[in-house]
Amino acid sequence: MEMLKGNVAIAEAAIRVGLEAYFGYPITPQTELLEHLSRRMVELDRPFVQAESEVAAINMVYGAACAGVRVMTSSSSPGISLMQEGLSYIAGSDIPCVLVDIMRGGPGLGNILPSQGDYFQITRSAGHGDYRPIVLAPASVQEAIDFTVLAFDLAEKYRHLVIVAADGQIGQMMEPAELPAMRPLRTARPDWALTGKAGREKNVITSIYLKGEEMEAYNQRVQARIATIRTAEQRWVETDTEDADLLVIGFGTAGRVAYSAVEEARAKGLNVGLLRPQSLFPFPTERIAELAQQVSGILVVEMNAGQMLEDVRLAVGTSAPVDFYGRMGGMVPMPDEILTAIEDVYPVAIR
Amino acid sequence: MMRDAPISDRVVVYERPQALADIHTHYCPGCTHGISHRLVAEAIDELGLNDRAIIVASVGCSVFSYNYFDIDACEAAHGRAPAMATGLKRVSPDRLVFTYQGDGDLASIGTAEIIHAAARGEPVTAVFVNNAIYGMTGGQMAPTSLPGQKTTSSPFGRSTDIAGFPIRMSEVLAELDGSAYIVRRSLHNVKEIRRAKKAIKTAFKVQMAGLGFSMVELLSTCPTNWGMSASDALTWVADTMVPYYPLGDYRVIDAVKDL
Ligand SMILES: Cc1ncc(C[n+]2csc(CCOP(=O)(O)OP(=O)(O)O)c2C)c(N)n1
Ligand code: SF4
Chain W
1 MEMLKGNVAI AEAAIRVGLE AYFGYPITPQ TELLEHLSRR MVELDRPFVQ
51 AESEVAAINM VYGAACAGVR VMTSSSSPGI SLMQEGLSYI AGSDIPCVLV
101 DIMRGGPGLG NILPSQGDYF QITRSAGHGD YRPIVLAPAS VQEAIDFTVL
151 AFDLAEKYRH LVIVAADGQI GQMMEPAELP AMRPLRTARP DWALTGKAGR
201 EKNVITSIYL KGEEMEAYNQ RVQARIATIR TAEQRWVETD TEDADLLVIG
251 FGTAGRVAYS AVEEARAKGL NVGLLRPQSL FPFPTERIAE LAQQVSGILV
301 VEMNAGQMLE DVRLAVGTSA PVDFYGRMGG MVPMPDEILT AIEDVYPVAI
351 R
Chain D
1 MMRDAPISDR VVVYERPQAL ADIHTHYCPG CTHGISHRLV AEAIDELGLN
51 DRAIIVASVG CSVFSYNYFD IDACEAAHGR APAMATGLKR VSPDRLVFTY
101 QGDGDLASIG TAEIIHAAAR GEPVTAVFVN NAIYGMTGGQ MAPTSLPGQK
151 TTSSPFGRST DIAGFPIRMS EVLAELDGSA YIVRRSLHNV KEIRRAKKAI
201 KTAFKVQMAG LGFSMVELLS TCPTNWGMSA SDALTWVADT MVPYYPLGDY
251 RVIDAVKDL
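So the sequences go chain by chain: W and D. Every letter in the first sequence is one number past the one before it in our numbering, and letter 69, counting from 1, is 69. Every letter in the second sequence is one number past the one before it in our numbering, and letter 183, counting from 1, is 183.
No lab work stands behind these hints, which were simulated from the structure alone. Glycine included, C-beta positions come from ideal geometry on N, C-alpha and C. Every clue listed holds true.
In silico negatives: residues of chain W with every beta carbon more than 10 Å from chain D:
1. D94
2. Q220
3. Q234
4. E238
5. E343
Straight-line C-alpha distance at most 20 Å; calculated EDC-like pairs for lysine to aspartate or glutamate:
6. K202/W x D51/D
7. K197/W x E46/D
8. K202/W x D94/D
9. K202/W x D45/D
10. K202/W x E42/D
11. K198/D x D254/D
12. K197/W x D22/D
13. K157/W x D94/W
14. K202/W x E46/D
Short, incomplete list of chain W residues facing chain D, as computed with Cβ under 10 Å:
15. V61
16. S88
17. Y89
18. K197
19. G199
Whole structure, please, built from the sequences with the hints as guidance.
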């Protein structure tokens, strides 16, 4: 265990599991990630480029990913907006790629404070087109490390885009965590990669299907893959749900603060449980639907105006009333605020 | 070779380069995209780089060039080919990585990407097809359209009051220290085509020697959207484009001369 800042931990974890190239552009609260890699990648003689923009950075990632190497970029909300085009092309080309989003307050230039205001942006699509990336949301520095490692494995397993979506709090805070051991770099490139056609037919990577029938068939293949991901890759943690009358749901920092509030509520004798989604896509829909049968009410806590709330409502249907407590614009809720929200809705839950 | 010799005795003096795939292209009759494809393919063949070359196709009439070359290929977003080439080249330094871009792609939407690829001295090559118009989308004004040029989005002729002035990309990129080889050639007659071929080959050699960024700008025709016959289009290149876009070597660093 060592004291690690979230951004640095993600960067170093990526290096240790064989990051072969990094392309990025500075933006707070993500910048330490890029800065750490600017030193470490060069020390290790691996490609690092500070691109001219996020538009360029994601397209450099696209190029390197076409060559079949482990590659990633990182940014924060406004930068992710600029990357949408490249993400869509990457998605449409079936190549593995990892993106880290250290979310900040918006809309617009907003601020550099922690936020979860981009839940819709990262879970609904990756740019234009009909597609959903895998989205992992850490709530601690250790999870940020573990999800970075997992992100590469999932990206390569499914040839799919994986986003590690942390709010600025996770990127900026320091806490004890353990990094993975240093792995040797892969030497082989996948058979679909662009390496020059020596000894084989040429490889082509594109995202263009001019005929409607072909584009639809491609979409059907992608949707089949996404259906597999939906069943196989839902991740979440639960606390005190067995006998809960009220279920609190929150992800990332909001989920972590909610944990403290749930502990306090328990100490006061309230039967409250917590479910913290670790994968935002695929969303743990079935488990939430199941718990909705058991509890008398649900409270969703987010650092936004209620975005995951929609996924919870879709899962719950009419099984239980769903309430919401949120802070916006970079404000992080305190445990006592959430406790008050729990107490406010709790009597309703019991009725 | 004698004209009347039996087929078995004939000698092949002209054939499809290996680096060109044996398929029909969708280019319009008289379009010089076909010529520039052939020149690129010949250069790859002659340098023996067929097994090591990767083309980054762009968005424009040449969007399907990944089909037309028999080499590894990918297709970039509009204007982003130099960034994609950067990613590919950084992880494959011993491969030939080149973009094939139109003037809308390179000189408008992708200006930032091409300038910074050159500024970084990225050892990739841009084959830049300047036909002074947006071909694929049906003939709109390009950043390179000439003052007074009629297009579907400058129906009264390009007004410099409304649309400003054309960009001379070779001159712009020649200012950057990362550029090793920046030249402008034309495809309007045999002599210029031969010079263009030589330039493409040199640019590829510059890249493989790791000397820095290289670009060959090729003045090209779009008879379809210019509303001209193929031969009138060639004349228009010579008489109208060349005076605005002078042919020549805009930056050739000393090391290139030693190649
Ligand atoms: C982001 C984006 N904007 C616009 C387009 C539409 N578009 C396709 S090709 C093109 C112009 C291409 O012109 P040029 O680069 O000059 O190549 P040419 O077709 O003349 O060879 C445009 C605007 C697009 N595909 N993507
Ligand atoms: S539209 Fe113009 S540039 Fe495109 S293929 Fe036809 S002639 Fe060539």
